[in-house]
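J.: Given the sequences, and given the hints that come with them, work out the whole structure.
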Amino acid sequence: MLYNPHAHADPIHNAPALEARRVVASHAGSPAHALNGVSLRVPVGARIALVGPNGAGKSTLLKVAAGLLKPQSGEVLLFGNVYGLCHCHVAYLPQRGDLDWKFPINVRRLVMTGRYVHLGWFKNPTRADEKIVDEVLERLKIDDLAERQISDLSGGQQQRALLARALAQEADLMLLDEPLNAVDADTRAVIAEVLATLKQQGKTTVIATHDLGRLETDFDGALYLSDGCEVPPPPGAFVGIDVS
Amino acid sequence: MNWLTEPFQYTFMINGLIAATLVSFTCATIGVYVVLRRMAFIGDALAHTILPGLVVAYLNQWNLFAGAITAGIATALGIGWLSRRQEVREDTAIGILFTGMFALGILLISAVRSFRDFTHILFGNLLGVTVNDLILIGAITATVLIALALFYKELELTSFDPTHAQIIGLNPDTIRYGLLILLALTVVTSIQAVGVVLTSALLITPAAAAALLTDRLQRMILIAAIIAIVSSLSGLYASYYFGVSSGASIVLACTAWFGIVWIIRSISKKDR
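Residue numbers (my numbering), protein chains in the order written: chain A, 1 to 244; chain B, 1 to 272.
Calculated directly from the structure, the hints in this document are not laboratory data. One should not assume that every hint holds.
Cut-off 16 Å, straight-line C-alpha distance, at most; resulting in silico cross-link-like pairs (EDC-like, lysine to aspartate or glutamate) [said to hold, decoys possible]:
hint: 1; chain 1: A; residue 1: 123; chain 2: B; residue 2: 156
hint: 2; chain 1: B; residue 1: 153; chain 2: A; residue 2: 129
hint: 3; chain 1: A; residue 1: 199; chain 2: A; residue 2: 170
hint: 4; chain 1: A; residue 1: 131; chain 2: A; residue 2: 170
hint: 5; chain 1: A; residue 1: 102; chain 2: B; residue 2: 156
hint: 6; chain 1: A; residue 1: 141; chain 2: A; residue 2: 186
hint: 7; chain 1: A; residue 1: 199; chain 2: A; residue 2: 216
hint: 8; chain 1: A; residue 1: 141; chain 2: A; residue 2: 184
hint: 9; chain 1: A; residue 1: 199; chain 2: A; residue 2: 172
hint: 10; chain 1: A; residue 1: 131; chain 2: A; residue 2: 143
hint: 11; chain 1: A; residue 1: 102; chain 2: B; residue 2: 215
hint: 12; chain 1: A; residue 1: 141; chain 2: A; residue 2: 216
Some but not every residue of chain B turned toward chain A, in silico, with C-beta under 8 Å [stated by the list, open to error]:
hint: 13; residue: 36
hint: 14; residue: 40
hint: 15; residue: 160
hint: 16; residue: 163
hint: 17; residue: 164
Glycine included, each C-beta is placed from N, C-alpha and C at the ideal position.
T.: Now the structure itself:
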């Protein structure tokens with residue numbers, strides 16, 4: 001029995017992974033619009049950057065796409081399905097502060113929660129799920145930390161554990177909120193490698209970043225945001241494929 | 001060792017013993033979630049808000065448990081409803097409903113002018129547990145423990161990462177309301193042991209002590225349960241031998257355990 005059977009609709013053939021049209025959204029309890037008519041089109045298999053300063057609306061756009069925040073107006077399609085139907089094909093990497101890291105749970109179990117979307121009520125993880133968890137722990141080079149409590153992780157290790165969970169979900173669209181923010185060099189290298197593999201596997205990724213440095217090499221396209229609106233790229237900045 | 005077994009030649013002591021063990025075990029188990037989810041305030045509030053339900057049921061000679069459960073669930077839903085749009089913060093909503101409901105209970109009691117009838121509701125009466133009470137306590141204990149086991153992974157996930165729960169279609173509010181209803185049921189059983197006023201001690205103190213000792217969830221639940229059961233038994237003996245309130249003795253025993261654990265922790269931390 002899945003948690004929300006309605007959110008498991010199959011992707012529609014040839015539809016873009018994510019399509020947002022003139023999306024307006026604001027956070028609960030705040031009258032100001034965090035997004036003010038933003039449009040974005042992400043083809044299947046593309047790697048797209050959301051670029052902008054803090055408060056530009058990058059995180060909000062990811063939250064809307066992930067189904068965490070309902071847009072007030074505009075349209076959001078995931079793999080051609082209307083909002084709410086296809087969220088189980090989406091994995092979302094939150095900013096690290098969104099979790100209670102003091103909670104008594106170890107890394108293996110945290111990563112296992114990525115499998116819950118396929119398990120639903122009353123079903124416990126199977127051998128196959130265990131195997132997937134082992135694999136992603138290895139991919140992120142944290143297999144030696146599997147039994148460690150999440151309260152004992154460094155920032156970089158936390159980030160790897162969260163990305164491992166997102167991978168364990170085996171989703172087609174990955175929404176990553178600042179995956180490289182404030183992490184050590186080793187973690188950076190491991191995450192960059194994982195992202196490159198995702199690209200080879202044909203997965204779609206949308207990544208919020210305020211790092212303008214590696215856009216050309218790492219991305220197919222970029223959407224520049226400021227104050228909740230799309231803005232033209234700064235002079236000389238990376239453009240790539242048309243995403244709006 | 002005669003003093004250990006002597007009290008149990010009386011049926012009321014055996015009933016008290018069984019009730020105390022069941023109630024402590026359930027309270028400590030659900031209490032671990034209450035502590036980890038930082039719901040200590042709402043646990044205390046729920047215990048107080050069932051007072052008017054108990055009083056109304058008592059005055060009309062309805063089933064006390066039914067009255068208490070109705071009031072408890074109404075409060076749990078009321079808090080969620082008041083704070084749903086975040087115009088009123090949740091802890092504010094709890095503060096408003098908790099005091100309002102408790103005052104209503106006191107008002108109803110004072111209107112019939114027989115506070116004495118209600119002292120066992122306010123402060124518990126382990127030695128007055130009947131066989132019928134035991135059956136109800138047993139049924140509720142079983143319900144709560146089975147529910148906690150069945151929804152273990154959902155409770156765990158929504159406790160530390162509600163965002164991920166929401167992404168995968170598991171509404172954290174559903175789990176939260178479910179937990180509040182289980183909490184209301186648990187609180188109702190513990191009224192018999194320690195009373196309305198002190199119930200939250202049985203929920204929070206053993207769990208808080210256990211949280212100082214381990215960072216594994218299952219071990220935490222086990223330690224909390226042991227502390228709660230040992231405290232309840234010492235309370236029972238205290239009330240038998242010294243004629244003091246069983247509820248107050250139980251709570252003080254819990255507090256003493258927490259104090260000991262706290263001191264041991266502080267000393268071992270200094271050593272490191």
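J.: With reference to the structure, classify each hint as holding or not holding.
T.: Each hint, compared with the structure:
| no. | hint | verdict |
| --- | --- | --- |
| 1 | A:123 <-> B:156 | holds, 14 Å |
| 2 | B:153 <-> A:129 | holds, 14 Å |
| 3 | A:199 <-> A:170 | holds, 14 Å |
| 4 | A:131 <-> A:170 | holds, 13 Å |
| 5 | A:102 <-> B:156 | holds, 13 Å |
| 6 | A:141 <-> A:186 | holds, 10 Å |
| 7 | A:199 <-> A:216 | holds, 15 Å |
| 8 | A:141 <-> A:184 | holds, 14 Å |
| 9 | A:199 <-> A:172 | holds, 11 Å |
| 10 | A:131 <-> A:143 | holds, 12 Å |
| 11 | A:102 <-> B:215 | holds, 9 Å |
| 12 | A:141 <-> A:216 | violated, 27 Å |
| 13 | 36 | holds, 6 Å |
| 14 | 40 | violated, 15 Å |
| 15 | 160 | holds, 3 Å |
| 16 | 163 | holds, 5 Å |
| 17 | 164 | holds, 6 Å |
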